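So the protein lines, in turn, are chains A and B.
Take any residue in the first sequence, count from 1 to its spot, add 9: that is its number in my numbering.
Take any residue in the second sequence, count from 1 to its spot, add 9: that is its number in my numbering.
What the hints contain is simulated information worked out from the structure, not anything from laboratory work.
Keep in mind it's a predicted model, so treat the numbers as computed, not measured.
Hints should not be assumed to be uniformly reliable.
Which copy is meant is left open, so a pair is good if it fits within one copy or across any two.
[To be verified] Derived DSS-like pairs: lysine-lysine, alpha-carbon spacing no greater than 27 Å straight-line:
{"id": "1", "residue 1": "K212", "residue 2": "K414"}
{"id": "2", "residue 1": "K408", "residue 2": "K196"}
{"id": "3", "residue 1": "K121", "residue 2": "K431"}
{"id": "4", "residue 1": "K350", "residue 2": "K370"}
{"id": "5", "residue 1": "K211", "residue 2": "K196"}
{"id": "6", "residue 1": "K105", "residue 2": "K16"}
{"id": "7", "residue 1": "K198", "residue 2": "K370"}
{"id": "8", "residue 1": "K120", "residue 2": "K212"}
Number of protein chains: 2
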Amino acid sequence: MLKTDIKEIFKNKVKYAQKEVRVAGWVRSVRNSKNFGFIDLNDGTCFESVQVVFEEGVVSNYNAVASLNAGSSVCVTGNLLLTPEAKQPFEIKATKVDILNATDESYPLQKKHHSVEFLREIAHLRPRTRLFNAIFRIRSVAAYAIHRYFQDNGYLYVHTPLLTTADCEGSDQMFKVTTLDMDNLPKTKGGKCDYSADLFGKKTYITGSGQLHGEAFALAFSKIYTFGPTFRTENSNTKTHANEFWMIEPEIAFCDLDGLMDIEEEMLKSVVAYVLENCPTELAYLDSFISPGLLQKLNNLIKSKFTRIDHKDVITILKNSGEKWDFEPTYDGDIAKEHEKYITKYFGGPVFIKNWPKDIKAYYMKVNPDGKTVAAVDLEVPEAGELMGGSQREEDYDKLIARCKELNVNTDPIEWFINLRKFGSCEHSGFGMGFERLVIYLTGIDNIRDSIPFPRTPRNCEF
Amino acid sequence: MLKTDIKEIFKNKVKYAQKEVRVAGWVRSVRNSKNFGFIDLNDGTCFESVQVVFEEGVVSNYNAVASLNAGSSVCVTGNLLLTPEAKQPFEIKATKVDILNATDESYPLQKKHHSVEFLREIAHLRPRTRLFNAIFRIRSVAAYAIHRYFQDNGYLYVHTPLLTTADCEGSDQMFKVTTLDMDNLPKTKGGKCDYSADLFGKKTYITGSGQLHGEAFALAFSKIYTFGPTFRTENSNTKTHANEFWMIEPEIAFCDLDGLMDIEEEMLKSVVAYVLENCPTELAYLDSFISPGLLQKLNNLIKSKFTRIDHKDVITILKNSGEKWDFEPTYDGDIAKEHEKYITKYFGGPVFIKNWPKDIKAYYMKVNPDGKTVAAVDLEVPEAGELMGGSQREEDYDKLIARCKELNVNTDPIEWFINLRKFGSCEHSGFGMGFERLVIYLTGIDNIRDSIPFPRTPRNCEF
């Protein structure tokens, strides 16, 4: 079907003025008086809809068009008229309206307000609403902005594997994967599951991180990033948890913690600036109807200088705040949601909290000269909380082995990873960013279920 | 560590000429005579290595540097001298060589030829070789070229879910995923696995395709694409099979089979042109050492017009060829590898084979007016075989239901997908491209194991 994207017409309306155009899309609504009417037509190539005017005696199927229901698909041929006086910059005066597929009253998205909870139940249709049109386009543009930043800055995109036989992350947090017949599992003599007949001949998981593989590639290409799906088995129903989500994990050789924070800050500003530039109507809509102040928040971010502060100094601020905390802040403890909120408000913007107590952090992080803290850093942003978590990695073979022993990490399946410290090891650092967290930050929505096309949460794997 | 990427120096060598620079990377080799020597230093930011000259009396640790082994990491400070007469465009005259981590003879990548089979056993180190430096950079650049093509052309990037409870693809081809204790599975009264306690409360799989979800999004955004990992349980050890790979699945509303072929052709040419432009040294290396004629093949592709021919006419050509076939070509049958080869040679370039017998194709493909064939198309390219497979989708509710019945497809778990045909259905088409096939085509390598950073194949889930 020869037709023009509505986006293209919005971009070059002068080029199409007074010319015949053909568009196809879905009816948002139809209004009509006696012998003429208007279709609000959207094809999803941009946020905006186009106004189609249809007139009795001009379009041959006037009555059928006038009674079209929301969600119907049509193809419209007509003349494009610029309407500088009106709300919309142009309209299409239809000469022909082909009805492709008319919906009836069973169409779940009738023209009225629908709650996000209801829309989650029709995940296959909700992208047709203005809200999800905005969210999912911002998601797409942000994903591209991330690729663009890293590619423009010389990073290699690496597809780290999801299937793994290494359980060093704590196998209870990982999904098990098998080709065995679950109704009839082969058993070992001891009565346990016998994986020898499984496709990989071993117990296999879906991994929750590409970091270890990313490090191997960083020690070959200097600067790499991953961007792919990640899985957690967490059985918790909150606004911030999903069992399947996307993550970006850059890893940089010859880079310390300060260098890492520079990269995180530059990358985030670059992505926010790109989305501001490419999704102005989507952001304006969200700013008006979902998250007042969103545009100002994003515009402020790209101009601000992120605060960098040690974990211990954050604790001192929290202790001296005079606030009543649900969780008492401690110098050897984690930082709760309420603390994150306070501290980003305190500094009026994003805050890097660095040099965390080593006992609450992972085995691969570099222990600082004080012997008590590790060179780890979390980036906290207003409203969305922890957006990125990173660290300088322990590059010394003996020290890494010692930390694994201390923390009871089984090094057998990651011997190759440990051995990277013998073969041209160097100072290196990396971070992880949960992509949905970024989408939440960029759109101002408050539930991860609305940031993912088809979300997976406990007992919910529909569609 | 303040240092400059070697790529940046190659790009702007005049800017750095006669100036002090600092680079860091891995030693490919060291040659030395009595009182001076050369380091071939690579940091992976580009294919090229830089030549470092070090001299006794200038660098304080001359002997240690002179005896460095391949794979050692160093940081070099020195002056950049343009060498227009020499093979390399410049060299760095070292004033300081900091040895970060010296390897010994246990380093598996000594300076000699290694077979690709051996290199697969050290997947964590092989990206440091020239071969895999070239392959994985082309992989990264090609991935970006794909995003770039679709984003520039107004497509929405959608992350379709991997976890699914729908088994309509044929569950024997899908990995099962569980959080249950495999050594101690809960059982139903009938003795089968009881999934009610599993995270999603149902039998769950990793999907092999995002097409169905992609269609839902195409019917909202008109033009969408996916790009993510895909899984198959196939227990076959061939050069073309892997159990985890990446796939691109575009889906376009208001688009028929001809329109689809236009898009496939334009996209492929755009990606090949981008890789030719951005990876000239990598491609030149592969052309010289791995796949003679590679550059010509790729340059030919972007200038050629792809052939479009019906399946039945291909069969006639094959039957009349006078060749002896292992598999006799038939009008109602599939096309074997030997036929693919013959037909791309016959036409001297890529060939779209379209309108396939419906009995060997999937339920969702649109049946042609002849009632015997479906509007499906495979793109065959010289050497790599089938690169893309696509079709126009059946958009009529009743016809789709009838096809599902004919082919015994359980429609219960995909009711939402079928219902898209009631809610603003329209002509739409889509295709899938296996990303590794593209990497194989772009690099001229012949084994999928060498196109994937950490490949997963039957009984092989190491690293």
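**OP:** At 27 Å max between alpha carbons, let me know whether K121 reaches K431 within a copy, between copies, both or neither.
**Re:** Answer is between; shortest inter-copy Cα gap is 20 Å, intra-copy 64 Å.
**OP:** Using 27 Å as the alpha carbon limit, work out where K198 and K370 are close: within a copy, between copies, both or neither.
**Re:** neither (39 Å within a copy, 44 Å between copies)
**OP:** Since the copies are identical, ignore which copy is meant and state whether K212 and K414 lie within 27 Å (CA to CA) inside a copy, between copies, both or neither.
**Re:** Classified as within: same-chain Cα gap 23 Å, cross-chain 38 Å, threshold 27 Å.
Original post:
Are the CA atoms of K105 and K16 at most 27 Å apart within a copy, between copies, both, or neither?
Top reply: within (21 Å within a copy, 57 Å between copies)
**OP:** Evaluate K350 and K370 at a C-alpha cut-off of 27 Å and name the case that applies: within, between, both or neither.
**Re:** Classified as within; 21 Å inside a copy, 55 Å across copies.
Original post:
Taking 27 Å as the upper bound on the Cα-Cα distance, should K120 and K212 be classified as within, between, both, or neither?
Top reply: So K120 and K212 fail the 27 Å test inside a copy (51 Å) and across (37 Å) alike.
**OP:** Since the copies are identical, ignore which copy is meant and state whether K408 and K196 lie within 27 Å (CA to CA) inside a copy, between copies, both or neither.
**Re:** neither (40 Å within a copy, 46 Å between copies)
**OP:** Please work out whether the CA atoms of K211 and K196 approach to 27 Å or closer within one copy, between two copies, in both situations, or in neither?
**Re:** The answer is both: 13 Å in one copy and 23 Å across copies each meet 27 Å.
In this structure, the earlier hints numbered 2, 7, 8 are contradicted, and the remaining ones agree with it.
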